[in-house]
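K.L.:
Going down the list, the sequences are from chains L and U.
Under the numbering used here, the residue at position 198 of the first sequence is numbered 198, and the numbers go up by one with no gaps.
Under the numbering used here, the residue at position 98 of the second sequence is numbered 98, and the numbers go up by one with no gaps.
None of these hints come from the bench; they were simulated from the model.
Just so it is clear, the structure is predicted and the values come from calculations on it, not from any experiment.
Worth double-checking, as some hints may not be accurate.
Quick list of in silico lysine to aspartate or glutamate cross-link-like pairs, EDC-like style, CA-CA up to 16 angstroms [claimed, not checked]:
| id | chain 1 | residue 1 | chain 2 | residue 2 |
| --- | --- | --- | --- | --- |
| 1 | L | 141 | L | 195 |
| 2 | U | 245 | U | 76 |
| 3 | L | 138 | U | 468 |
| 4 | L | 141 | L | 129 |
| 5 | L | 138 | U | 76 |
| 6 | U | 67 | U | 82 |
| 7 | L | 141 | L | 110 |
| 8 | U | 105 | U | 76 |
| 9 | U | 38 | U | 7 |
| 10 | U | 208 | L | 261 |
| 11 | U | 335 | U | 317 |
| 12 | L | 138 | U | 484 |
| 13 | U | 322 | U | 361 |
| 14 | L | 138 | U | 481 |
| 15 | U | 24 | U | 523 |
Quick look at which bits of chain U chain L covers, simulated, 3 or more residues with Cβ under 8 angstroms [said to hold, decoys possible]:
| id | segment |
| --- | --- |
| 16 | 200-207 |
| 17 | 260-268 |
| 18 | 271-278 |
| 19 | 432-438 |
To give an idea of the interface, some chain L residues facing chain U are shown, with a C-beta separation under 7 angstroms as derived from the structure [said to hold, decoys possible]:
| id | residue |
| --- | --- |
| 20 | 38 |
| 21 | 134 |
| 22 | 190 |
| 23 | 207 |
| 24 | 211 |
| 25 | 231 |
| 26 | 244 |
| 27 | 247 |
| 28 | 252 |
| 29 | 254 |
| 30 | 259 |
| 31 | 262 |
| 32 | 263 |
We treat Cβ as the ideally placed atom computed from N, Cα and C, and that holds for glycine.
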Amino acid sequence: MSLLEVDTLSIEVHGAPVLRNVSLTINAAEIGGVVGESGAGKSMLGKAILGVLPRDARITHGAIRLDGQDLLSLSARHRRKLQSRTTAFIPQDPLTALNPCRTIGAQLAEVLPPTPRAHRLAEVIRWLDAVRIPSAAKVAKSFPHELSGGMRQRALIAAAFASHPRLVIADEPTTALDATVQKDVLRLIRELQQDTGVGLMFVTHDLCVVAKICQSVTVMHGGRIIEQAPCDQIITAPRHAYTRALLAATPRHDETGRGLEPIPPALLEQLITEAGTGNG
Amino acid sequence: MADPLLETRSLGIRLGQRRRFLRKDEKGFPVLSDISFKVQPGEILALVGESGSGKTTLGRAIAGLAKIQSGTLLFDGDPVVEPATTATIKTRDRSWYRRWTRHRKDIQMIFQDPLSSLNPRRTIGQSLAVPLRNFGILQNAPADDAIDALLTQVGLTPEFKSLYPHRISGGQRQRVGIARALASQPRLIIADEVVSGLDVSSQARILKLLLDLRDTHGLSVLFITHDLAVVRALADRVLVMERGKIREIGPVDQVFQAPKHSYTAKLLRSAPSPEYDPDWLQHSTKGPHAMQIENSVAFVTGANRGIGACFVQALLDRGAAKVYAAARDTSALPKDDRIVPVALDITDAGAVAAAAAQAGDVTLLINNAGFNSNSGALKSPAMEDARREMDVNYFGTLSMIRAFAPVLKANGGGGIINMLSILSRVALPMMGTLCASKAAGLSLTQAVRAELKAQGTQVFAVMPGAVDTDMSKDFPPPKLDPADVVRAALNGVEAGDENDIYPGDMAQGLRAGLEHDPKEVEEEMSGYLP
Chain L
1 MSLLEVDTLS IEVHGAPVLR NVSLTINAAE IGGVVGESGA GKSMLGKAIL GVLPRDARIT
61 HGAIRLDGQD LLSLSARHRR KLQSRTTAFI PQDPLTALNP CRTIGAQLAE VLPPTPRAHR
121 LAEVIRWLDA VRIPSAAKVA KSFPHELSGG MRQRALIAAA FASHPRLVIA DEPTTALDAT
181 VQKDVLRLIR ELQQDTGVGL MFVTHDLCVV AKICQSVTVM HGGRIIEQAP CDQIITAPRH
241 AYTRALLAAT PRHDETGRGL EPIPPALLEQ LITEAGTGNG
Chain U
1 MADPLLETRS LGIRLGQRRR FLRKDEKGFP VLSDISFKVQ PGEILALVGE SGSGKTTLGR
61 AIAGLAKIQS GTLLFDGDPV VEPATTATIK TRDRSWYRRW TRHRKDIQMI FQDPLSSLNP
121 RRTIGQSLAV PLRNFGILQN APADDAIDAL LTQVGLTPEF KSLYPHRISG GQRQRVGIAR
181 ALASQPRLII ADEVVSGLDV SSQARILKLL LDLRDTHGLS VLFITHDLAV VRALADRVLV
241 MERGKIREIG PVDQVFQAPK HSYTAKLLRS APSPEYDPDW LQHSTKGPHA MQIENSVAFV
301 TGANRGIGAC FVQALLDRGA AKVYAAARDT SALPKDDRIV PVALDITDAG AVAAAAAQAG
361 DVTLLINNAG FNSNSGALKS PAMEDARREM DVNYFGTLSM IRAFAPVLKA NGGGGIINML
421 SILSRVALPM MGTLCASKAA GLSLTQAVRA ELKAQGTQVF AVMPGAVDTD MSKDFPPPKL
481 DPADVVRAAL NGVEAGDEND IYPGDMAQGL RAGLEHDPKE VEEEMSGYLP
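With the sequences and hints as input, model every part of the structure.
P.N.:
This is the structure:
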């Protein structure tokens with residue numbers, strides 16, 4: 001049994017479909033990538049799994065199972081209680097995700113599993129150490145604006161893993177970071193994920209990052225799944241024309257003349273027609 | 001070659017300058033210094049660097065949005081900024097700004113976030129009409145036609161002109177930003193991170209658009225980005241910036257294939273390419289001499305207290321197989337079956353040679369032992385103290401390196417960390433003798449690094465500011481936690497970029513200051529007279 005099973009999930013916002021028949025599984029100790037352009041529905045999928053869909057979004061079909069438990073059949077209260085212990089989220093923008101009025105330590109202590117008050121600070125410092133924040137004791141007492149972007153993202157990663165989740169959803173966790181910091185943060189995410197054996201859903205538009213960190217990849221467009229395969233296959237032998245076009249549009253630092261081919265409009269039209277005829 | 005469209009000669013910008021009543025003026029701190037480059041007509045020059053490197057400030061300065069305080073800036077041969085105009089530090093004086101007026105039409109800027117740079121209360125058509133009117137492009141022709149032409153030029157349709165910015169997608173908004181910059185028919189466009197945050201398809205469309213504009217209109221572009229892949233796709237030449245200085249400039253292919261500066265190489269190692277490689281995260285930021293602490297055998301001098309004791313603990317935590325902990329007095333060493341106590345006075349050459357013979361399996365030598373007399377150069381009994389400082393800090397380190405270099409070679413290269421201080425590079429009054437011995441250590445480090453390169457040994461110095469140990473107990477705070485210094489040093493060993501390490505804000509700040517203006521740092525330090 002997989003850790004996370006999304007089964008033919010469809011979501012509408014004001015009657016317009018934003019996810020259509022999306023199925024995906026993520027196993028424990030696996031990093032599954034979800035790739036697509038803006039508007040592909042990848043963030044919506046993450047929100048649906050976390051149970052934080054916008055008010056006007058409606059699930060019209062499908063199921064989300066975590067460890068076999070159908071999340072959609074639970075009452076809101078039960079679901080919150082279950083997911084607060086089992087799922088965690090790493091957001092894109094660490095500055096807006098942290099409360100500017102509270103210290104890093106206080107915000108990290110919030111997500112710890114029940115810990116006696118006396119041990120909380122030690123536990124917070126242990127987590128800040130685990131994400132390689134220097135002077136953890138000092139940082140625990142600092143406010144978010146006192147840290148650099150990379151440090152804030154590390155603190156959020158600590159917060160995600162400190163609740164001992166089974167599943168972590170990371171939504172573009174390194175898009176706002178510099179290349180060298182990005183690499184350190186990605187390495188950190190993977191190390192923590194391997195040490196704790198959680199399943200990680202990695203939502204991004206960057207195929208370069210996917211190629212380095214994911215084991216399986218789901219390519220989405222217009223709320224539909226275009227292709228699902230192990231990572232090496234998606235990168236080296238993509239079957240769908242859209243995946244190939246995405247790869248062709250990705251520039252590379254080690255080759256001249258790449259990244260100047262937008263997705264052909266004819267292909268996009270074809271995808272829209274396919275979606276309209278319910279084919280997928 | 002044609003005359004350059006833009007030329008800068010040793011531009012410099014400082015922030016935080018203030019003139020203060022009855023007190024010394026604040027000189028601020030340097031953000032950019034010694035920036036010299038040229039942009040040819042029809043050339044796309046990429047400006048890359050990490051956040052804080054000063055690339056956006058440079059772009060804004062060239063657009064006339066930030067005041068340049070020193071150097072020369074020529075646009076099309078016209079000296080917009082000259083040394084004569086930059087002499088004052090009156091920041092409220094806006095006259096410098098007027099010199100840009102005559103080039104305002106020719107230099108336009110595209111900003112990173114079009115949602116915040118486009119007026120939300122104007123339709124796109126209204127926004128585009130502003131530059132058309134201001135620069136007299138229309139000459140009484142109806143604005144509508146010109147706006148339609150601009151929108152078509154950037155691949156949008158005329159219908160967009162009646163829409164508000166929030167109604168359209170990010171890629172489309174960015175194209176409106178480009179259309180607005182093109183409205184005044186400029187010759188140089190400064191594009192600041194215009195494709196970050198866009199997905200690859202919109203990014204490709206915008207890159208293609210910029211290339212087309214260059215080909216059809218002979219437009220020059222200064223393209224500011226942190227994304228090396230985009231640079232390769234778009235630019236002719238690339239300028240790499242780090243901490244406000246130019247590190248490297250040259251044709252993109254040449255710089256990317258054979259980077260000359262270690263910072264460029266590091267950036268390139270950190271940039272992912274779309275190739276399946278699950279091991280990439282593990283290996284590629286590492287330099288040529290990276291070594292693992294895990295299973296290494298280390299030899300630490302001065303191991304009984306302070307930073308040395310921290311080194312021993314951190315090495316054990318990181319899985320070192322064995323740690324030789326050397327000190328004159330080994331009684332305070334912790335008991336652990338991986339710790340081998342070595343009673344050693346590093347000023348005794350015979351004892352050092354014996355230690356090297358005993359520890360034939362060492363792969364990492366940490367020269368940490370040091371002596372600080374805490375007395376001034378002209379104070380008695382300074383001669384004995386000064387000799388002792390030189391004996392421990394310089395001669396001790398030298399004899400350790402001499403004795404252990406063959407051991408490291410026999411064990412496949414390994415590494416040497418010389419624990420110095422930022423005082424190796426700056427001198428404090430009343431501590432001149434200590435500084436001299438630390439500076440000697442740094443010179444030694446540099447020479448040994450070159451000499452031992454052939455045998456694959458990485459050698460670097462660690463130069464923190466004041467660290468919270470017994471040795472610097474008379475220092476005022478803020479002081480660094482010794483554990484942080486040790487962490488930075490060991491991370492350096494594992495990263496292997498062959499760079500000296502400056503842990504902490506104090507050391508980083510002084511290092512940056514020395515790069516921009518060494519004389520100013522000296523004056524600053526001379527103010528620490530008690």
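K.L.:
Decide, hint by hint, whether the structure agrees.
P.N.:
Hint check results:
The suggested pairing of residue 141/L with residue 195/L is violated, with an alpha-carbon distance near 27 angstroms, which exceeds 16 angstroms. This hinted pair does not check out: residue 245/U and residue 76/U have alpha carbons roughly 24 angstroms apart, beyond 16 angstroms. Between the alpha carbons of residue 138/L and residue 468/U the distance comes to roughly 14 angstroms, so the proposed pair stays at or under 16 angstroms and holds. At roughly 14 angstroms between alpha-carbon atoms, residue 141/L and residue 129/L fall within 16 angstroms of each other, so this suggested pair holds.
For the given pair, residue 138/L sits about 52 angstroms from residue 76/U by alpha-carbon distance, which is inconsistent with the 16 angstroms threshold. The hinted pair formed by residue 67/U and residue 82/U meets the criterion: a straight-line CA distance of about 12 angstroms does not exceed 16 angstroms. A threshold of 16 angstroms between alpha carbons decides the hint, and for residue 141/L with residue 110/L the separation of about 14 angstroms falls inside it, so the pair holds. For the proposed pair residue 105/U and residue 76/U, the alpha carbon gap of about 13 angstroms is at most 16 angstroms, so the pair holds.
In summary, the hint linking residue 38/U to residue 7/U is supported, as the alpha carbons are separated by about 4 angstroms, within the 16 angstroms threshold. For the given pair, residue 208/U sits about 8 angstroms from residue 261/L by alpha-carbon distance, which is consistent with the 16 angstroms threshold. As the CA atoms of residue 335/U and residue 317/U are separated by approximately 14 angstroms, the hinted pair is consistent with the 16 angstroms bound. Pair hint residue 138/L plus residue 484/U holds up; C-alpha atoms about 12 angstroms apart against a cutoff of 16 angstroms.
A hinted pair counts as satisfied when its Cα atoms are at most 16 angstroms apart, and residue 322/U with residue 361/U qualifies at roughly 9 angstroms. Between residue 138/L and residue 481/U the CA atoms are separated by roughly 10 angstroms; this keeps the pair inside 16 angstroms, and the hint holds. Our distance criterion of 16 angstroms between C-alpha atoms is met by residue 24/U and residue 523/U, whose separation comes to about 13 angstroms. Counting residues of the segment 200-207 of chain U whose CB lies closer than 8 angstroms to any CB of chain L gives 7, which reaches the minimum of 3, so the coverage claim holds.
As drawn, the segment 260-268 of chain U meets chain L at 3 residues by the rule of a beta-carbon pair under 8 angstroms; at three or more, the given contact holds. Under a criterion of three residues with beta carbons nearer than 8 angstroms to beta carbons of chain L, the stated coverage of the segment 271-278 of chain U is upheld, 8 such residues being counted. Counting residues of the segment 432-438 of chain U whose beta carbon lies closer than 8 angstroms to any beta carbon of chain L gives 0, which falls short of the minimum of three for the stated coverage. Hint on residue 38/L holds. Least Cβ distance to chain U is approximately 5 angstroms, under the 7 angstroms limit.
The closest approach between the C-beta of residue 134/L and any C-beta of chain U is roughly 5 angstroms, which is under the 7 angstroms cut-off, so the hint is satisfied. At its closest, the beta carbon of residue 190/L sits 6 angstroms from a beta carbon of chain U; the interface hint therefore holds under the 7 angstroms criterion. Checking residue 207/L against chain U by beta carbon gives a least distance of about 5 angstroms; that is within 7 angstroms, so the hint holds. Evaluation of the residue 211/L hint against chain U yields a held restraint, the C-beta minimum of about 5 angstroms falling below 7 angstroms.
This hint holds: residue 231/L has a C-beta 6 angstroms from the nearest C-beta of chain U, less than the 7 angstroms allowed. Contact between residue 244/L and chain U, as hinted, is not supported at the beta carbon level, the nearest pair being about 12 angstroms apart and thus beyond 7 angstroms. Given the 7 angstroms rule on beta carbons, the hint for residue 247/L holds: about 6 angstroms separates it from the nearest Cβ of chain U. The interface hint given for residue 252/L holds, since its Cβ lies 5 angstroms from the closest Cβ of chain U, which is under the 7 angstroms cut-off.
The restraint placing residue 254/L at the interface with chain U holds, with a minimum CB-CB distance near 5 angstroms, inside the 7 angstroms limit. Because the smallest distance between the Cβ of residue 259/L and any Cβ of chain U comes to about 4 angstroms, under 7 angstroms, the interface hint for this residue holds. Restraint check, residue 262/L versus chain U: the minimum CB separation of about 4 angstroms is within 7 angstroms; hint holds. A hinted interface residue such as residue 263/L counts as satisfied when its beta carbon comes closer than 7 angstroms to some beta carbon of chain U; here the least separation is about 4 angstroms, so the hint holds.
The structure shown violates the earlier hints numbered 1, 2, 5, 19 and 26.
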